[in-house]
Amino acid sequence: MSLLDKIFGRKKKSAEAAKDRLKIMLAHERVNNLPYIEDLKKDIIEVVKKYAEVNDIKIKSEKNQNIDFLEVEILLNPRS
Amino acid sequence: MGKIVTVTSGKGGVGKSTTAANVGIGLAQAGKRVVAVDFDIGLRNLDMILGLENRIVYDSIDVMEGRCNLSQALINDKRAKNLYFLPASQTKDKTALKKEKVRELLETLKKDFDYVIIDSPAGIESGFENSIFLADQALIVATPDVSSVRDADRVIGIIDAKSEKAKDGKEVEKYIVINRLKPEMVESGEMMGIEDILNILALPLIGVIPEDQKILTATNLGEPIVLDKNSLAGEAFRRLTKRLLGEKVEFLELKSHKGFMKFLKGLFS
Numbered sequence: 001m002s003l004l005d006k007i008f009g010r011k012k013k014s015a016e017a018a019k020d021r022l023k024i025m026l027a028h029e030r031v032n033n034l035p036y037i038e039d040l041k042k043d044i045i046e047v048v049k050k051y052a053e054v055n056d057i058k059i060k061s062e063k064n065q066n067i068d069f070l071e072v073e074i075l076l077n078p079r080s
Numbered sequence: 001m002g003k004i005v006t007v008t009s010g011k012g013g014v015g016k017s018t019t020a021a022n023v024g025i026g027l028a029q030a031g032k033r034v035v036a037v038d039f040d041i042g043l044r045n046l047d048m049i050l051g052l053e054n055r056i057v058y059d060s061i062d063v064m065e066g067r068c069n070l071s072q073a074l075i076n077d078k079r080a081k082n083l084y085f086l087p088a089s090q091t092k093d094k095t096a097l098k099k100e101k102v103r104e105l106l107e108t109l110k111k112d113f114d115y116v117i118i119d120s121p122a123g124i125e126s127g128f129e130n131s132i133f134l135a136d137q138a139l140i141v142a143t144p145d146v147s148s149v150r151d152a153d154r155v156i157g158i159i160d161a162k163s164e165k166a167k168d169g170k171e172v173e174k175y176i177v178i179n180r181l182k183p184e185m186v187e188s189g190e191m192m193g194i195e196d197i198l199n200i201l202a203l204p205l206i207g208v209i210p211e212d213q214k215i216l217t218a219t220n221l222g223e224p225i226v227l228d229k230n231s232l233a234g235e236a237f238r239r240l241t242k243r244l245l246g247e248k249v250e251f252l253e254l255k256s257h258k259g260f261m262k263f264l265k266g267l268f269s
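Chains A and B are the protein sequences, given in the same order. No gaps in the numbering here: position 61 of the first sequence is 61 in this note's numbering, and each next residue is one more. No gaps in the numbering here: position 14 of the second sequence is 14 in this note's numbering, and each next residue is one more.
If we strip away everything but chain A, and leave its shape as in the complex, we get:
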């Protein structure tokens, strides 16, 4: 934003808003569109099952220009 805009407290330009909204939206959509996530889940469950009982598995992934990562949360059955 320009100095004048700041002094007069004008709203940010709509192109800026478009860019920001798109970035947030696409960060979500790209995650949900990973083609291999269901297969990955099944494989991880198979591996962990060798050692412990699995209650649930959650995979979150984040993606932006510089970094991609997967966050895997495995809930074990407490009695096992």
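FYI, nobody ran anything at the bench for these hints, they're computed from the structure. Using N, Cα and C, we set each Cβ at its ideal position, and we do this for glycine too. One or more of the hints may lead you astray.
Taking lysine-lysine and the BS3-like style, the derived pairs with C-alpha atoms no more than 25 Å apart in a straight line are [to be verified]:
1. LYS12(A) / LYS255(B)
2. LYS162(B) / LYS41(A)
3. LYS167(B) / LYS42(A)
4. LYS11(B) / LYS23(A)
5. LYS182(B) / LYS13(A)
6. LYS12(A) / LYS182(B)
7. LYS182(B) / LYS41(A)
8. LYS19(A) / LYS255(B)
9. LYS60(A) / LYS23(A)
10. LYS19(A) / LYS11(B)
11. LYS167(B) / LYS23(A)
12. LYS23(A) / LYS174(B)
13. LYS19(A) / LYS167(B)
14. LYS42(A) / LYS162(B)
15. LYS229(B) / LYS32(B)
16. LYS174(B) / LYS19(A)
17. LYS182(B) / LYS11(A)
18. LYS32(B) / LYS13(A)
Pulled a few chain A residues facing chain B out of the computed Cβ check, cut under 8 Å [claimed, not checked]:
19. LYS11
20. LYS13
21. SER14
22. ALA15
23. GLU16
24. ALA18
25. LYS19
26. LEU22
27. LYS23
28. ILE24
29. LEU26
30. GLU29
31. ARG30
Fit chain B to the given chain A structure using the hints.
Relative to the frame of chain A, chain B by itself:
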């Protein structure tokens, strides 16, 4: 062997057929043998944009189902002698295309032509898959608005999943075409600019087409804008074509003419 170039977008109405028509003519004028194929079965439009709608006798479905020879269905453009056009069927729907028949047709065309330009349908269903699975290059057309960029991103994400080239470990070359850019709106911060869009889509740019009223006139007349030597959008398409041929060409400098008030305001911002 020729190259298959698929023009696609995800969202409809962003200028796929216009881009396919102009790139087709541009390549033909550069001396390449080109065939433009409309894959938008049931909702064809490339015929009217090219101004060849009155010369259609057979369409691609007729060829694929053996009702005529390929040469009977191909229409030669009189303005660009190297350009041929293969129309889509208007009476059938998208499900009429069978993947193996499409493969047969495209492999035949690749032998006869330097470039096979495919005008893909909007959306990401079977029609899209048929138009992308054999592509060597993909031109993704987007206008500077949120829905178009969002849908372009979605399409980019699935091109490799549908492509046979990608299955063989090779990559489909993907390029962005930004269409209908209004420089004065970008300058005033009311439209996403080239950098903004490329930053989001993270692919190389091959063309920027400015908003130009002459494009509507061109479509009305069935005379693609690239044939108009004096139009800015036509020049943008000529440069896009050269880049597709591997030449290094500068992008058009797209700027609005600043008024005095704007100049004054510019001093303070």
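Each hint tested on the structure:
1. At most 25 Å may separate the alpha-carbon atoms for a hinted pair to count; LYS12(A) and LYS255(B) meet this at roughly 22 Å.
2. Pair hint LYS162(B) plus LYS41(A) holds up; C-alpha atoms about 23 Å apart against a cutoff of 25 Å.
3. With a C-alpha separation of about 23 Å, the suggested pairing of LYS167(B) with LYS42(A) holds against the 25 Å cut-off.
4. Distance hint between LYS11(B) and LYS23(A) is fulfilled; the C-alpha atoms sit about 18 Å from each other, no more than 25 Å.
5. Our distance criterion of 25 Å between C-alpha atoms is met by LYS182(B) and LYS13(A), whose separation comes to about 15 Å.
6. Restraint check: the Cα-Cα separation between LYS12(A) and LYS182(B) comes to about 19 Å, which is no more than 25 Å; the hinted pair holds.
7. Of the pairs offered as hints, the one joining LYS182(B) and LYS41(A) is violated, with about 46 Å between alpha carbons and a cut-off of 25 Å exceeded.
8. With a C-alpha separation of about 21 Å, the suggested pair LYS19(A) and LYS255(B) falls inside the 25 Å cut-off, and the hint holds.
9. Distance check on the hinted pair: LYS60(A) and LYS23(A) sit about 17 Å apart at the alpha-carbon level, within 25 Å; holds.
10. A distance of roughly 18 Å separates the Cα atoms of LYS19(A) and LYS11(B); the hinted pair therefore holds under the 25 Å criterion.
11. Between LYS167(B) and LYS23(A), the direct Cα distance comes to roughly 29 Å. Violation of the 25 Å bound is thereby established for this hinted pair.
12. Only pairs whose Cα atoms come within 25 Å are accepted, and LYS23(A) paired with LYS174(B) is accepted, the gap being roughly 20 Å.
13. Of the pairs offered as hints, the one joining LYS19(A) and LYS167(B) is violated, with about 33 Å between alpha carbons and a cut-off of 25 Å exceeded.
14. A C-alpha spacing of about 23 Å is found between LYS42(A) and LYS162(B), which places the hinted pair at or below 25 Å, so the restraint holds.
15. Between LYS229(B) and LYS32(B) the alpha-carbon distance is near 20 Å, which keeps this suggested pair within the 25 Å criterion.
16. A threshold of 25 Å between alpha carbons decides the hint, and for LYS174(B) with LYS19(A) the separation of about 22 Å falls inside it, so the pair holds.
17. For the proposed pair LYS182(B) and LYS11(A), the alpha carbon gap of about 21 Å is at most 25 Å, so the pair holds.
18. Using a Cα cut-off of 25 Å, the hinted pair LYS32(B) and LYS13(A) is violated, with the two alpha carbons roughly 45 Å apart.
19. A distance limit of 8 Å between C-beta atoms decides the matter here; for LYS11(A) the minimum to chain B is near 11 Å, and the interface restraint is violated.
20. A hinted interface residue such as LYS13(A) counts as satisfied when its beta carbon comes closer than 8 Å to some beta carbon of chain B; here the least separation is about 3 Å, so the hint holds.
21. Interface restraint check: SER14(A) against chain B, minimum CB-CB distance 5 Å, threshold 8 Å, status holds.
22. Using the Cβ-Cβ criterion of 8 Å, the hint placing ALA15(A) at the interface with chain B is satisfied: the shortest such distance is roughly 5 Å.
23. Given the 8 Å rule on beta carbons, the hint for GLU16(A) holds: about 7 Å separates it from the nearest Cβ of chain B.
24. Given the 8 Å rule on beta carbons, the hint for ALA18(A) holds: about 5 Å separates it from the nearest Cβ of chain B.
25. For LYS19(A), the interface hint holds, since its Cβ comes within 8 Å of a Cβ in chain B; the closest pair sits about 5 Å apart.
26. The interface hint given for LEU22(A) holds, since its Cβ lies 6 Å from the closest Cβ of chain B, which is under the 8 Å cut-off.
27. Taken as an interface hint, LYS23(A) checks out: its beta carbon lies about 7 Å from the nearest beta carbon of chain B, inside 8 Å.
28. At its closest, the beta carbon of ILE24(A) sits 11 Å from a beta carbon of chain B; the interface hint therefore is violated under the 8 Å criterion.
29. For LEU26(A), the interface hint holds, since its Cβ comes within 8 Å of a Cβ in chain B; the closest pair sits about 5 Å apart.
30. For GLU29(A), the shortest C-beta to C-beta distance to chain B is roughly 7 Å, which falls under 8 Å, so the interface hint holds.
31. A hinted interface residue such as ARG30(A) counts as satisfied when its beta carbon comes closer than 8 Å to some beta carbon of chain B; here the least separation is about 7 Å, so the hint holds.
Comparing the model with each numbered hint stated earlier shows that hints 7, 11, 13, 18, 19 and 28 do not hold.
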